[in-house]
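Asker: Sequence:
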Amino acid sequence: MFTSKLDELSIDAKSYRCLTQCFGDVRFLSCRSVVLSIDSDWMDATEPYYPRDIPALIVAFSECFSPALEQLHVKIEFDYDSESILNDHRFAFGFDVIAPFLQFNHLTKLGLDWLCTSDVDDEAFKNMVQSWPLLEELRFGSGDRWLVPPSLTFTGIVHLIHHCRHLCSIDIHFAACSIDANSEPFSTTLPNETIARFFVGFSPIVDPKAVACQLHALLPNLTHVTRHKWVYDDDDREVPFDEEWNRVNEYLQVLTEGAVLREKIGELWEES
Numbered sequence: 001m002f003t004s005k006l007d008e009l010s011i012d013a014k015s016y017r018c019l020t021q022c023f024g025d026v027r028f029l030s031c032r033s034v035v036l037s038i039d040s041d042w043m044d045a046t047e048p049y050y051p052r053d054i055p056a057l058i059v060a061f062s063e064c065f066s067p068a069l070e071q072l073h074v075k076i077e078f079d080y081d082s083e084s085i086l087n088d089h090r091f092a093f094g095f096d097v098i099a100p101f102l103q104f105n106h107l108t109k110l111g112l113d114w115l116c117t118s119d120v121d122d123e124a125f126k127n128m129v130q131s132w133p134l135l136e137e138l139r140f141g142s143g144d145r146w147l148v149p150p151s152l153t154f155t156g157i158v159h160l161i162h163h164c165r166h167l168c169s170i171d172i173h174f175a176a177c178s179i180d181a182n183s184e185p186f187s188t189t190l191p192n193e194t195i196a197r198f199f200v201g202f203s204p205i206v207d208p209k210a211v212a213c214q215l216h217a218l219l220p221n222l223t224h225v226t227r228h229k230w231v232y233d234d235d236d237r238e239v240p241f242d243e244e245w246n247r248v249n250e251y252l253q254v255l256t257e258g259a260v261l262r263e264k265i266g267e268l269w270e271e272s
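The letter at position 51 of the sequence shown is residue 51 when you use the UniProt record's numbering, and the numbering goes up by one with no holes.
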């Protein structure tokens, strides 16, 4: 067994399986930042990954690094546009597969956008984010244009904001919907005024007005959300939920402009 005191580490590999092999006989006891890159030239054109390879990779990674880890980023090209692939539930993972990452409770930046996380529900997500209280940036299941319906809802987003008070950037795939603002966790969650970037991928949505109001209540400085388009500019397929998210952005613009106006009026009253 070989141990290393590297503070930062970057690994390029041909596949996720090769990465797993890299972690077999080494321990990084003090490494704080890890970048893993998969060479797209060696990737299968028909599948983003072999589902059976991912659990072994995550376990090997968790055994290789200590809880001192602060940043994890996986660099990979997300250019799959086949709806048969993006709708394939074989690629979806839930809490049990991701759970080994929970030991890394010093994480500030976590990139899990390379996974389809559609089997992670609100309660499981709550358990995850409680383990990562220092998160500043989270990318979660949003890299590829997944069409597998997510189990995570807006309630999960509230848990994220409630438990990760240092967040400034969110990339996530979830089911955007209205929730009860008078019940927990929404009613006990303080607004986060630092988050100004929210990427939703191809997240499904119902009731855009309610979603926009909820986002504004929790993230008062968020002026818009960003999302996926199809890979190629000449792709004439309809972007999923494009109209609904456009409406969310329209509502957010009105809400933020109204908030600014109210603040100015309040300042004028104080001066008079």
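Keep in mind the hints are simulated off the structure, nothing from the lab.
Do not rely on the hints blindly, as some may be mistaken.
[Unchecked claim] Subject to a maximum C-alpha distance of 25 Å in a straight line, what follows is the list of computed BS3-like cross-link-like pairs (lysine-lysine):
no., residue 1, residue 2
1, K126, K14
2, K5, K126
3, K14, K75
4, K229, K209
5, K126, K229
Asker: Now look at each hint and say whether the structure bears it out.
Answerer: Structure-based check of each hint:
no., hint, in the structure
1, K126 to K14, "violated, 33 Å"
2, K5 to K126, "violated, 33 Å"
3, K14 to K75, "holds, 12 Å"
4, K229 to K209, "holds, 22 Å"
5, K126 to K229, "violated, 29 Å"
Of the numbered hints listed earlier, those contradicted by the structure are 1, 2, 5.
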